[in-house]
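Work out the full structure, taking the sequences as your base and the hints as a guide.
Quick note: the sequence shown uses the working numbering, first residue 123, plus one each step.
If you're looking for bench data, these hints aren't it; they were derived computationally from the structure.
No experiment lies behind these values; they were computed from the predicted model shown.
It cannot be assumed that every hint is accurate.
[Claimed, not checked] The calculated label-pair distances, taken between Cβ atoms and stated as ranges, are: (1) T148 to L196: 33 to 39 Å; (2) R305 to T148: 44 to 50 Å; (3) A298 to Y251: 49 to 55 Å; (4) A309 to E137: 45 to 51 Å; (5) F175 to A399: 27 to 33 Å; (6) Y225 to L141: 42 to 48 Å.
[Unchecked claim] Calculated lysine-lysine pairs in the DSSO-like style (CA-CA distance at most 30 Å, straight line): (7) K353 to K258; (8) K177 to K353; (9) K228 to K313.
We treat Cβ as the ideally placed atom computed from N, Cα and C, and that holds for glycine.
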Amino acid sequence: MTVATGPRLSRRISEGVFLVFCWIATLVAVLALAAILWSLLSQGIGGLDLNIFTKSTPAPGSEGGLLNAILGSLMMCAVAMVAAVIVGILAGTWLSEFARDSYYGKVIRFLNDVLLSAPSILVGLFVYYILVAPLKGFSGFAGAVALALIAAPVITRTTEDVLRLQPVALREASVALGAPMWRTILAVIWKAARAGMLTGALLAFARISGETAPLLFTALNNQFLSLDLTKPTANLPVVIFNFALSAYDDWRRLAWAGAMLIAATVLTVTVVARILAREPNRS
123 MTVATGPRLS
133 RRISEGVFLV
143 FCWIATLVAV
153 LALAAILWSL
163 LSQGIGGLDL
173 NIFTKSTPAP
183 GSEGGLLNAI
193 LGSLMMCAVA
203 MVAAVIVGIL
213 AGTWLSEFAR
223 DSYYGKVIRF
233 LNDVLLSAPS
243 ILVGLFVYYI
253 LVAPLKGFSG
263 FAGAVALALI
273 AAPVITRTTE
283 DVLRLQPVAL
293 REASVALGAP
303 MWRTILAVIW
313 KAARAGMLTG
323 ALLAFARISG
333 ETAPLLFTAL
343 NNQFLSLDLT
353 KPTANLPVVI
363 FNFALSAYDD
373 WRRLAWAGAM
383 LIAATVLTVT
393 VVARILAREP
403 NRS
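This is the structure we're talking about:
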């Protein structure tokens, strides 16, 4: 009994120390998040008023809001998500249902993972050299392309993972009833995995909604309200970046308000995605 007590006591001590470190790490992460949220609320709540949603960005010393930046961000994110969802779902489906563990599947999967982890500023530089420089002008369309390149790998990876989780019996049952593969994917596999696929799209939207670096090289900014994506387009991240570094109090107030809007959007989308991820598979 004496021999067994030593190793057992050592294991209990090591487990206790490990749990203490886990709790400390969790507490640090929670406190850091709480500090960020408190800073946004305390600094940004005072800048929220009706002008934020009804007026464009102002000149120094005058009243204004963030209407042009909000609409510009929404337009670019919408265009980017349409392209990213189409490409991401189709690519994820091909990797899951056709390529699987083949050589080409492994290559595409590796390239997708590389793009998934690539710094967003590199994506912005890439789009700058293929679109902005040849066309000799910044544009909201170029910004949407950059955001789509960031969102597509997220949707591709999520779609593949969700489709691989679907039981093989679903595919076999559909094929046994005479359904072709394309119909099996559309009517059975996608339907069973729709909650997970939607979750991936929402997480991709949350990822791109606050990106600043790629938009500095593509969409740049526009002081005026413009719905033309072929011209420089105002957007929240770049406006926040410019206004936060300014010496004008009214601009810094708008920067905090814009930061709080982005944080609230990302938090809401993330919560909705988590709820959808927990939705039971009723298929």
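* **Distance restraint hint 49 to 55 Å, applied to the beta-carbon atoms of A298 and Y251** => Given a distance of about 51 Å, which is inside 49 to 55 Å, the answer is holds.
* For the pair R305 and T148, does the Cβ-Cβ distance stay inside 44 to 50 Å? -> holds, 47 Å
* Does K353 pair with K258 here, judged by a C-alpha cut-off of 30 Å? -> Holds, at roughly 11 Å.
* Go ahead and decide if the range 33 to 39 Å is satisfied by the Cβ distance of T148 to L196. => holds, 35 Å
* To do: Return holds or violated for the Cβ distance of Y225 and L141 against the range 42 to 48 Å.
  => holds, 44 Å
* Should the hint that F175 and A399 are 27 to 33 Å apart at their CB atoms be regarded as holding? -> About 31 Å separates the Cβ atoms of F175 and A399, which means 27 to 33 Å holds.
* Asked: Quick one: are A309 and E137 within 45 to 51 Å, going by C-beta?
  -> holds, 50 Å
* Asked: Taken at face value, is the distance from the CA of K313 to the CA of K228 at most 30 Å?
  -> With a Cα-Cα distance of about 26 Å, the restraint between K228 and K313 holds, given a limit of 30 Å.
* Pair hint K177 and K353, alpha-carbon separation not exceeding 30 Å -> holds, 20 Å
The structure fails none of the hints (numbered hints given earlier).
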